[in-house]
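Undergrad: For the protein sequence lines, the chains are A and B, in the order given.
1 is the number of the first residue of the first sequence in our numbering; add one for each residue after it.
1001 is the number of the first residue of the second sequence in our numbering; add one for each residue after it.
These are calculated hints, taken from the structure and not from any lab test.
Keep in mind that the hints are not guaranteed to be accurate.
Cross-link-like lysine to aspartate or glutamate pairs, in silico, EDC-like; alpha carbons within 20 Å at most [stated by the list, open to error]:
id, chain 1, residue 1, chain 2, residue 2
1, A, K126, B, D1082
2, A, K298, A, E324
3, B, K1109, A, D359
4, A, K267, B, E1113
5, B, K1054, B, E1081
6, A, K267, B, D1082
On the chain A side, residues computed to face chain B include the following (Cβ under 10 Å) [claimed, not checked]:
id, residue
7, A41
8, K70
9, K105
10, N106
11, E110
12, M275
13, G356
A quick note: this is a predicted structure, and the numbers were derived from the prediction, not measured.
Positions of the beta carbon are idealized from the N, C-alpha and C atoms, including for glycine.
Take a look at the letters that make up each chain.
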Amino acid sequence: MIKKTYEEINAKIRAGEAVVVTAEEVISMVREQGVEETAAAVDVVTTGTFGPMCSSGAFFCLGHSKPRMKMSRVFLNGVEAYAGLAAVDAYLGATQIPETDPDNKNFPGEFNYGGGHVLEDLVAGKEVLLEATAYGTDCYPKKKLEKMVRLEDLPQATLYNPRNAYQNYNVAVNLSDRTLYTYMGILKPNMGNANYSTSGQLSPLFNDPLYRTIGMGTKIFLGGGVGYVSWQGTQHSPDALRGENGVPLTPAGTLAVIGDMKQMSSKWLRGVSFMGYGVSLMVGVGIPIPILDEEILKFTAVSDEEIFAPVVDYSESYPQGLGETIGQVSYAQLKSGEISVGDRLIPTAPLSSYRGARDIAILLKEWIQEGEFLLTRPVFTIPASSEKFNYKGAI
Amino acid sequence: MKQKMVLYFPSTTTEQPFTYYLIKDYNLMINILKANINPRKEGRAVVEISGDKKDYLAGLEYLQSRGVKIFPLEQEIVWQEDRCTHCGACVVICPAGALVLERPEMEVKFLGEKCIVCEHCIKACPSRAMEARY
Ligand code: SF4
Ligand code: SF4
């Protein structure tokens, strides 16, 4: 029986002796050497994902002006941030579009710029136009403000994404005879294509399917900087049906994550536009998984052949909330470029960048190997069943 | 010889039957890959012209003498690699196989010579990495 503690693994990281491999590399190691030997050798497995994650955004402290102002409406490059907070605090969501955007009036809309793009511009170091209005009070008399700001000028900028790193997701197809424009991309009629969106065997929550090591306080790669898991994400549904390997067969776990935007880079926070749908933010997330025992190692060795996703019709079942699926395919099939549904072969396209996911896993591996990035023991792990939602108990 | 190109028709030229003369007088084969030409407005077409070198050159000269501007096709659709996230969303959109996902690397490549400049990818690319340049 192999047993390692966080402390032992961190001691090895500090000494520059930790063995760190990516969730891709560990697969062939286990195939060659078996679970036990690999578990003894490997201390940390790194994962990654880089895809559109709509439930993302940032809290800003915009700084006080003279005279002071209690901003009631705030716009950054024309995109409104929610300002129902303290005087100069605001939250900008990734999917927010400018009030002047023609949205879907001329269907399908282009959605060329929105919250996700503002976030990208800020981390890229660009100047952004801040416009704010207020009703004015005795303590906060100023009523109007307009100025150019950069991320470095802002007292605080905290990325806080209520739902990232979805554990599994639908494969979207279109059974109707018209083209659909969705958050899963453009879906051609009569199942002309099938779009999917996770990084499969590299994806964080596929590698720790029962959340044995991931929870509040887990230190992660976020948007090119260091972040933390802060909570279970919105729509976290651990009770989803699972395979024998513990991997859910439908969308299941999610994470809320947090991090200092000033450390992040526009390579890993990217505003994106989905025709006919809206804007979003591509977020790079990478989670290190400590190999505490053989079971965890075995989980991290999961491969695309062993991970399955439901095929869902986005002309009827998804929009109407019918919950019907028309098939199940493995990520190995999805990544091959073609899946079979019924007697049809359908070309596939990812929306999540596998190459980006791999780069993140490699970057995180390097950070750990350099001895800079230590692992944290979560205060509590995110719930693996809805009956066990008990945030008081630390692990 | 055989060459793809972009023809740009100023508004004064759009009502002339260029294709007819290119075929009849210059013995050329014209394959129209994409055209957007409206009477009395400027227009644009992506064509592939093939024939003898002599005829080909004479045909192009004829077009230019009538005010048609000719641009090489290579300048048309540009893949801005630094904007590309290699997400892969474009590969099922491109009808010409010009955007491909290489396996097992899962990296997207743009094969410019296959591009027929349909421009479908421009709005379909979430990162706006594809750009039309004339
Ligand atoms: S859709 Fe755009 S960003 Fe994605 S792979 Fe194609 S060109 Fe690159
Ligand atoms: S313009 Fe058309 S053919 Fe060229 S890469 Fe884009 S989608 Fe493909």
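Undergrad: With reference to the structure, classify each hint as holding or not holding.
TA: To see whether the hints hold, each was checked on the structure:
| no. | hint | verdict |
| --- | --- | --- |
| 1 | K126(A) <-> D1082(B) | holds (17 Å) |
| 2 | K298(A) <-> E324(A) | violated (32 Å) |
| 3 | K1109(B) <-> D359(A) | holds (17 Å) |
| 4 | K267(A) <-> E1113(B) | violated (28 Å) |
| 5 | K1054(B) <-> E1081(B) | violated (38 Å) |
| 6 | K267(A) <-> D1082(B) | holds (9 Å) |
| 7 | A41 | violated (24 Å) |
| 8 | K70 | violated (37 Å) |
| 9 | K105 | violated (16 Å) |
| 10 | N106 | violated (12 Å) |
| 11 | E110 | holds (6 Å) |
| 12 | M275 | holds (5 Å) |
| 13 | G356 | holds (6 Å) |
Violated hints, listed in ascending order, are 2, 4, 5, 7, 8, 9, 10; each of the other numbered hints is respected by the structure.
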